[in-house]
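> Chains as they are written, first to last, in the numbering used here: chain A, 1 to 393; chain B, 1 to 393.
FYI, nobody ran anything at the bench for these hints, they're computed from the structure. One should not assume that every hint holds.
Reference listing, derived: stretches of chain B covered by chain A, where coverage requires no fewer than 3 residues with Cβ under 8 Å from a Cβ of chain A [as the list claims (entries may be wrong)]: (1) 109-123; (2) 282-292.
Here are some of the chain B residues that sit facing chain A, going by a computed Cβ distance under 8 Å [as the list claims (entries may be wrong)]: (3) L64; (4) G239; (5) L240; (6) P330; (7) A375.
Calculated from the model, a selection of chain A residues having no Cβ within reach of chain B, i.e. all distances over 10 Å [said to hold, decoys possible]: (8) P132; (9) S181; (10) M333.
Backbone N, C-alpha and C define an ideal beta-carbon position, used for all residues, glycine too.
Number of protein chains: 2
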Amino acid sequence: MTNWTLAARAEKMNPSVIREILKVTEKPGIISLAGGLPSPKTFPVREFAEACAAVLGQDGASALQYAASEGYGPLRQAVADFLPWQVDPDQVLITTGSQQGLDLVAKVLIDSGSRVLVETPTYLGALQAFTPMEPHVVSVASDDEGVVVEDFAAQAGTGADRARFMYVLPNFQNPTGRTMSDARRAALVAKAAELGVPLVEDNPYGELWFDQPPPAPLTARNPEGCIYLGSFSKVLAPGLRLGFIVAPKAVLPKLLQAKQAADLHTPGFNQRMVAEVMKGGFLEHHVPTIRALYKQQRDAMLAALEREMAGLSVTWNRPDGGMFLWVRLPEGMSAIDLLPAAVERNVAFVPGAAFYADEADTRTLRLSFVTASPAQIDAGIAALAAAIRATTP
Amino acid sequence: MTNWTLAARAEKMNPSVIREILKVTEKPGIISLAGGLPSPKTFPVREFAEACAAVLGQDGASALQYAASEGYGPLRQAVADFLPWQVDPDQVLITTGSQQGLDLVAKVLIDSGSRVLVETPTYLGALQAFTPMEPHVVSVASDDEGVVVEDFAAQAGTGADRARFMYVLPNFQNPTGRTMSDARRAALVAKAAELGVPLVEDNPYGELWFDQPPPAPLTARNPEGCIYLGSFSKVLAPGLRLGFIVAPKAVLPKLLQAKQAADLHTPGFNQRMVAEVMKGGFLEHHVPTIRALYKQQRDAMLAALEREMAGLSVTWNRPDGGMFLWVRLPEGMSAIDLLPAAVERNVAFVPGAAFYADEADTRTLRLSFVTASPAQIDAGIAALAAAIRATTP
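All chains, full assembly: derive it from the sequences and hints.
Given below as structure tokens:
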């Protein structure tokens with residue numbers, strides 16, 4: 001009998017709660033406010049088709065050959081040009097989606113037992129990426145303005161137990177939709193520099209602002225103290241799996257070696273397609289169309305919540321961008337217990353508990369306002385309200 | 001000052017020797033017999049262009065959306081159908097190149113200090129993928145027929161130190177080009193089952209046979225005791241980064257969770273492109289054209305070696321397929337020391353020492369016969385012989 005002894009880390013890995021929930025959304029007729037899928041209406045299919053033809057027509061053999069682990073030169077340059085602070089293209093590493101950036105950061109910075117700080121709540125995919133490296137994940141208190149800096153300092157650890165980094169998603173956070181204020185960013189960056197703790201800044205949603213751009217990134221304020229993760233998934237399309245890391249020279253060579261060991265390089269064909277699509281400033285007129293669409297959908301959800309949740313003691317926030325809205329149920333209710341009643345009424349969401357590294361606020365839940373249409377949002381929120389009424393103790 | 005404390009594993013990671021050597025091959029006019037690049041002549045550019053248009057035209061939005069971590073259903077089915085033993089598509093996990101398969105296997109099966117067995121020599125990329133999980137890598141003696149089964153048994157370890165797996169590349173191995181005999185495969189599979197040691201079988205080159213197909217895979221002989229890694233890089237194109245794992249149900253769910261944490265999923269667009277190209281049995285008439293080309297190039301290299309190495313006490317093998325040929329220099333010579341003299345004469349190769357997990361045979365070197373043209377092979381081997389003559393002690 002073959003003895004499949006699994007690594008200790010394998011026991012700690014778990015299937016994504018979200019992916020499990022998404023399975024119930026395959027039930028015919030269900031309205032899913034659960035997933036984090038960008039609206040397919042925003043995918044520039046025609047431009048991609050033209051780019052494919054151009055890339056394969058001009059130099060198909062190079063596009064289909066093995067390529068550099070760092071990424072395709074013109075795409076690295078385009079990323080550096082696009083970012084709002086001085087970035088050398090040599091500091092840009094193209095990744096197979098932003099998720100891979102998290103995997104590489106974990107490999108290079110986390111030892112078993114290393115202290116790693118996260119927001120309360122935080123992005124589930126980051127927790128999943130960090131888990132295989134067996135960190136000691138510590139939640140830092142967070143409020144409507146983002147990370148509470150005093151608690152960051154209190155949790156940062158000292159000496160050998162100093163946090164290897166704090167993971168922050170400052171813009172239209174997944175799951176809460178909240179944005180870190182300018183003052184809070186300045187204070188966090190200053191305190192992190194004072195304590196010597198690196199910041200890992202994840203910014204997949206930053207371009208999706210509705211009325212005004214969010215404050216400057218943390219990394220722009222202290223490039224030598226931060227690793228920045230970016231993504232093309234929300235401004236072009238997720239199915240190409242293209243993201244990037246911007247890192248200081250202190251860690252970039254090791255991230256590159258980890259990248260090489262992980263998958264040699266990100267598909268060169270996809271990199272050239274996106275570089276081709278981005279030529280001539282395509283994003284400058286494309287991204288505003290996504291912003292307009294998502295703002296309209298957020299407004300539809302806010303209006304539906306106002307209408308349907310009247311008198312239910314349910315609270316929610318008003319995100320300034322991104323894809324998600326955060327809801328809190330009345331005292332005594334649990335979003336996990338609510339889910340079956342909601343699915344019975346043909347609506348799905350993600351219980352907030354999935355996003356907490358330790359003690360969860362089980363009254364919270366995440367709603368996506370970008371995948372369903374405004375009419376579906378109306379029906380979905382009405383069904384959610386009905387489920388809450390039926391479940392209220 | 002930010003304190004970038006790196007993980008212990010990061011100190012063990014190193015840049016690929018091969019990638020470093022490949023940099024010298026960028027010198028204008030150099031003939032590179034070093035790289036492992038498939039001949040771009042074999043890339044079906046036109047078919048890919050048609051597939052792109054079809055995939056984006058038929059259902060572009062789905063191709064560009066987030067997708068299942070397991071992979072695209074029709075591609076998993078195509079892989080299962082293509083393999084020469086009974087494979088359930090549910091056992092197939094699509095990976096971002098075969099290199100990612102090695103990364104996932106390492107994460108799921110290797111603890112720090114775990115015994116892992118490899119051939120002598122072995123694929124450098126596998127050593128790089130395993131290193132971040134900090135295994136104790138042990139070389140098993142290997143001869144012209146492959147792994148020496150007696151030494152496998154001697155090195156397998158017992159109890160808590162039993163090898164987590166043995167990594168084997170049985171067909172036209174990278175770096176040696178050698179193929180494991182049928183008898184040796186049968187004996188290794190039997191001994192592994194007896195000792196309870198899993199086999200990880202890597203088969204990127206198996207389709208590239210010249211006169212007759214290689215013996216049946218190890219996994220076909222004991223599917224419950226083996227993980228099988230396959231790739232589209234050598235039969236279609238490497239720039240799409242598409243590979244796959246076939247694993248028994250004892251480990252597949254954990255490999256899937258590791259995959260999800262690593263990059264969510266392999267680009268769905270690329271998976272659909274390849275599934276589209278494979279429709280109607282494309283590989284059945286495409287792969288024979290690659291075989292014919294590479295056989296002709298191997299013959300060119302063998303003829304050049306016969307001609308140029310006369311009287312030099314240099315030996316080499318005659319691979320039955322694949323991309324590489326293995327050369328041994330006269331006693332007292334080192335391939336590492338030879339390299340600068342060769343580059344001076346405008347030819348590059350990879351010193352064999354790069355491929356040994358521990359004690360290296362420094363007289364060995366790897367030549368690729370697929371990237372350079374027959375005329376370049378002639379000139380390159382003549383230059384190599386001149387370098388050997390100039391360096392002979």
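> Run every hint past the structure and note whether it holds.
These are the hints, each one checked on the structure:
1. 109-123: Our answer is that it holds, as 5 residues pass the Cβ test (under 8 Å) against chain A, meeting three.
2. 282-292: violated (count 0)
3. L64: 4 Å, holds
4. G239: At 4 Å from the nearest chain A Cβ, G239/B passes the 8 Å test, so the hint holds.
5. L240: 6 Å, holds
6. P330: 33 Å, violated
7. A375: 19 Å, violated
8. P132: 5 Å, violated
9. S181: 23 Å, holds
10. M333: Answer for M333/A: holds, closest chain B Cβ roughly 30 Å.
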